[in-house]
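Q: Below are the chains, spelled out letter by letter.
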Amino acid sequence: MEVLFVISSLVSVVGAIILLTQRNAVYALLGLLIAFFGSAGIFRSLDAPFIAVSQILIYAGALAVMFLFVLMFTDTRTQLDSGPPPGAVGARPNYKPGEDRKAGEKLIRFNPLDHILLPQPLAAVIAIAFLLCTGYAIFMLPERYNTFGDLPAGYDSALFTAGAADSGSRLLPFGGTDAVSKTIFEGFPLAFEVVSLLIFAAVLGAVLLARRHLAGIPGTQDVARAEGQEPQEKPQAETGHKGHH
Amino acid sequence: MGLLEPKVVLMLAAALFSAGLYGVLSRRNMIMILMSLELMLNAVNVSLVAYSRYWAGQGADLLGSHSGQFFTLMVMAVAAAEVGIGLAIIVAIFRRKHTADADAASDLKN
Amino acid sequence: MVTSFALAVLLFVFPLSDNGVIHTTAVGWISTGGLNISLGLYLDHLSGLYMLIITGIGALIHIYSIGYMKHDDAYWRYFAYLNLFLFSMLMLVLGDNLVCMFLGWEGVGLCSYLLIGFWYKHLVNTNAGMKAFLVNRVGDFGFMIGMFLIFWHFGSLNYTDLFLSVDQATAKGALDSSLLNWACVCMFIGACGKSAQIPLYVWLPDAMAGPTPVSALIHAATMVTAGIYMLARMNFIYVHAEYAMTVVAVIGASTALFAGTIGLVQRDVKKVLAYSTVSQLGFMFLAAGLGQFNLAVFHVFTHAFFKALLFLGSGSVIHSLEHTLGHGNPDSQDIWKMGGLKKMPVTCWTMVIGSLALAGFPLTAGFFSKDAILFSAFHRGDTLGWVLYGMGMVAAVCTAFYTFRMVGLTFFGQWRGNEAAYAHADEAPGSMAVPLVILAFFALVAGLLWLPPAFADLHLHSESFKTWLDPVWAQGQAALAADSHLRMPQEHDAATIAAEWMNIAISSVVAIVMIAFAFSIYSKAGNIAKVQKLALRDGKPTGLYTMVLNKYYVDELYDTMIVRPLKLVSDVLFVVVDVVVIDLILVRGTAEVVRVSSDLGRRIQTGLVRHYLYAFAVGAVILTALFLMIAQR
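Read top to bottom, the protein sequences are chains A, B and C.
Mapping of the first sequence onto this note's numbering: residues 521 to 765, in sequence order.
Mapping of the second sequence onto this note's numbering: residues 378 to 487, in sequence order.
Mapping of the third sequence onto this note's numbering: residues 45 to 677, in sequence order.
Please keep in mind that the hints were generated in silico from the structure rather than gathered at the bench.
Just so you know, not all the hints are guaranteed correct.
[Unchecked claim] Among the chain A residues that face chain B by a calculated CB cut under 7 Å, a handful are: (1) Leu566; (2) Gly655; (3) Glu663; (4) Thr667.
[Said to hold, decoys possible] Using C-beta positions, here's what the derived DEER-type ranges look like: (5) C:Leu79 x A:Phe659: 33 to 41 Å; (6) A:Val723 x B:Lys384: 48 to 56 Å; (7) C:Glu636 x A:Phe659: 27 to 35 Å; (8) C:Leu628 x A:Phe659: 57 to 65 Å; (9) C:Gly370 x A:Ala721: 50 to 58 Å; (10) A:Glu663 x C:Thr634: 27 to 35 Å.
Using N, Cα and C, we set each Cβ at its ideal position, and we do this for glycine too.
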């Protein structure tokens with residue numbers, strides 16, 4: 521388990537670094553994905569197999585795909601954070617990948633730093649200050665936090681106590697699906713229901729926010745028309761909206 | 378003293394959290410901000426699961442030792458909802474501004 | 045409603061028949077310190093009887109309303125209010141403690157307000173609703189004070205606990221009679237409000253602004269008798285409060301007389317009935333004040349039938365006239381502009397039956413109950429008894445007179461109003477006629493449930509009503525000394541029987557003579573003219589007639605003494621407190637402070653999300669550091 525923990529924590533740290541440094545959003549997403557898989561490994565090494573699987577299903581599966589989809593949809597993969605870092609080799613103002621070719625030249629050089637973001641000092645200071653604070657707090661934790669201790673043999677399914685099963689009841693292993701589900705449905709049923717309601721509301725909100733203008737339905741937005749966008753600024757989008765007029 | 382012990386795991390979680398915080402603060406692309414936010418939530422999950430394991434080792438009963446894992450699931454659900462809404466907002470802003478720059482969404486200024 | 049009536053009958057017949065009391069406690073409601081109030085139901089013979097009246101008459105009036113309200117826009121709202129009312133009334137009657145009763149008490153008040161102002165587009169109606177509500181509040185205040193006093197003295201508000209405490213206190217001689225007197229007077233003030241007694245009767249005549257079935261159900265048969273129910277329910281306390289009982293009796297008798305005289309001159313058919321209701325409620329309180337709770341409830345019982353019948357009959361007349369005259373036209377209720385409406389046979393003859401019962405025509409329901417009340421006043425034997433008897437007798441004379449004045453003017457003689465309306469005045473539809481007939485039947489025979497003891501001479505014996513209710517009074521009566529005025533008669537000797545026969549004879553003769561007198565005047569056009577010549581001088585009302593016509597100026601008196609000063613005070617308060625303090629200093633001042641400070645704060649708002657994010661993160665880090673520093677201490 522310790523080996524698994526070391527490997528997966530290294531993996532998640534590497535993933536986090538990729539996420540933070542990559543200029544291209546798709547690469548950054550890949551870093552996030554790696555970090556998620558690493559976390560799943562950490563969960564497994566902490567004897568939480570159910571959470572580990574959920575992590576992969578929900579984060580690595582659903583959320584990453586959603587991010588990817590929106591990245592494609594909005595076409596902002598290399599926008600913004602893509603400006604060349606000050607002092608990078610071959611820095612040009614308003615750099616855009618592929619601009620080199622457009623100018624008729626060949627892509628002369630490949631500078632890996634062009635794809636990397638340089639650190640932002642203020643953000644780094646704040647983050648490191650936070651890390652120092654929490655690290656200090658963790659360091660000051662009492663002695664008993666020095667070890668995880670041994671897992672109990674299992675949990676009595678009827679009495680909610682550790683390791684005290686009568687002959688009649690079943691032992692539930694720690695972190696297994698049955699133990700977690702028992703916690704959810706017998707320990708926190710209300711919170712569970714409320715979260716389902718929250719997700720329902722989120723789905724409704726997402727649909728309402730993201731859909732295009734629908735004729736005659738108030739609350740849906742026709743963005744280009746409402747803003748009075750100039751056609752030359754984004755010709756394709758304007759023509760796309762012309763159909764609604 | 379091995380590596381798999383509470384303080385190490387919590388430290389790792391803090392490091393991931395700070396990394397996420399750095400990402401949130403340094404990026405301008407809203408999608409990237411959201412991704413970094415997910416990393417922060419994930420770091421919290423790591424610490425929650427670590428506490429859950431810790432209490433199991435301390436001899437807590439089923440409910441006490443698993444509540445950390447339960448909260449992890451809650452965080453996942455909330456994160457899913459948050460990403461859904463957040464991305465929808467980004468799409469809506471993108472339609473209007475044709476950019477995902479967080480600084481572009483400053484209509485409420487003044 | 046019919047179903048609930050059936051259920052009520054079942055409850056009434058089966059479990060209660062063997063002296064049983066059903067008492068269930070549903071849930072605890074308020075529980076603080078020594079005060080424990082639960083939502084519980086207490087069904088005994090008294091509340092069972094009330095339940096029968098409420099659901100029975102309620103069912104008939106629902107059927108009637110289907111026809112009456114058919115063309116109203118707010119048909120659904122009407123029935124929603126009506127059923128809310130019935131719920132509250134049942135709550136009032138079935139609650140197992142005074143707070144539950146108060147809950148129902150307020151509930152019926154609210155429904156009464158809603159239904160009086162039902163046609164809220166006319167200012168008059170809403171004003172009448174507000175008047176009813178406000179006047180009732182005065183009474184409710186008294187009720188609450190009484191409730192507090194009782195709680196203070198006995199430490200509980202549950203009937204069952206009170207039964208016990210009163211018994212124990214009586215045994216020890218520890219009953220604080222002056223406090224009990226005050227508590228009973230206070231609660232009687234509440235009853236005055238709800239049951240329209242002097243000085244709080246003024247709302248009931250105005251309450252006739254509501255739909256007529258509502259007047260029948262709420263303002264004649266059920267709600268206004270809640271005061272009597274309260275007195276009867278608390279009889280075991282009232283019998284220990286002799287002064288309060290005297291107050292009740294005197295107020296009851298004066299109300300009976302006072303309202304009866306006003307009823308003589310009213311032109312609006314519903315107002316006549318309203319004053320007669322006030323007057324009959326006065327009779328009930330007279331009986332209760334004399335300690336004859338039995339008779340009070342008996343009169344409630346008979347009155348419910350014939351008064352509901354009269355209201356529904358008048359509603360039928362109004363309904364048919366409104367077809368032509370238009371909704372809300374006062375002419376459709378003015379008996380001077382009616383006459384000869386016996387072309388509506390069902391309405392006419394059921395109304396005549398109801399009027400006979402109200403007027404106390406021998407052998408009808410009203411005759412037995414009213415006669416017994418008068419006799420109990422007579423039988424009391426002292427000066428007060430004689431005075432009360434005299435007042436009651438005069439009130440009975442007035443009752444007989446104005447009732448048949450109304451019948452004569454409405455159904456007989458010549459039509460005096462709009463010709464087209466007369467031509468189109470048709471018999472009520474079936475849904476309205478059937479309840480009339482059923483009620484008319486009961487108005488005739490309900491009195492037979494309790495014949496006067498004197499009738500035993502004729503080998504007629506019927507006391508089922510009395511024996512039914514006797515367990516309710518048992519405790520209070522047992523605690524009374526044998527010579528107390530408040531003791532109900534158990535046996536009758538020969539002298540009493542003779543006096544009773546005399547009383548029966550007097551009131552029969554009076555009733556018949558007055559009926560005949562009023563009818564002969566008001567059913568012939570010539571006689572009406574003569575009467576008018578007598579009362580009017582140069583077309584204007586004179587003297588005493590003016591005073592009675594203006595209801596003894598009570599409304600004006602209240603206006604000058606209470607409403608105007610209150611208005612003045614509130615005007616001053618409006619200027620000083622509302623305009624200056626609240627509007628100028630508090631509201632505008634707050635707004636100004638906010639505006640100035642936000643003008644400053646606005647400058648930090650860059651509108652860039654990332655700046656906020658930075659601020660947020662820095663704040664979070666500082667807070668974490670702070671927490672750590674505090675934890676270190």
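Q: Now, for every hint given, state plainly whether the structure supports it.
A: Do the hints match the structure? See the list:
no., hint, in the structure
1, Leu566, "holds, 4 Å"
2, Gly655, "holds, 6 Å"
3, Glu663, "violated, 11 Å"
4, Thr667, "holds, 5 Å"
5, C:Leu79 x A:Phe659: 33 to 41 Å, "violated, 56 Å"
6, A:Val723 x B:Lys384: 48 to 56 Å, "violated, 40 Å"
7, C:Glu636 x A:Phe659: 27 to 35 Å, "violated, 51 Å"
8, C:Leu628 x A:Phe659: 57 to 65 Å, "holds, 59 Å"
9, C:Gly370 x A:Ala721: 50 to 58 Å, "holds, 52 Å"
10, A:Glu663 x C:Thr634: 27 to 35 Å, "violated, 55 Å"
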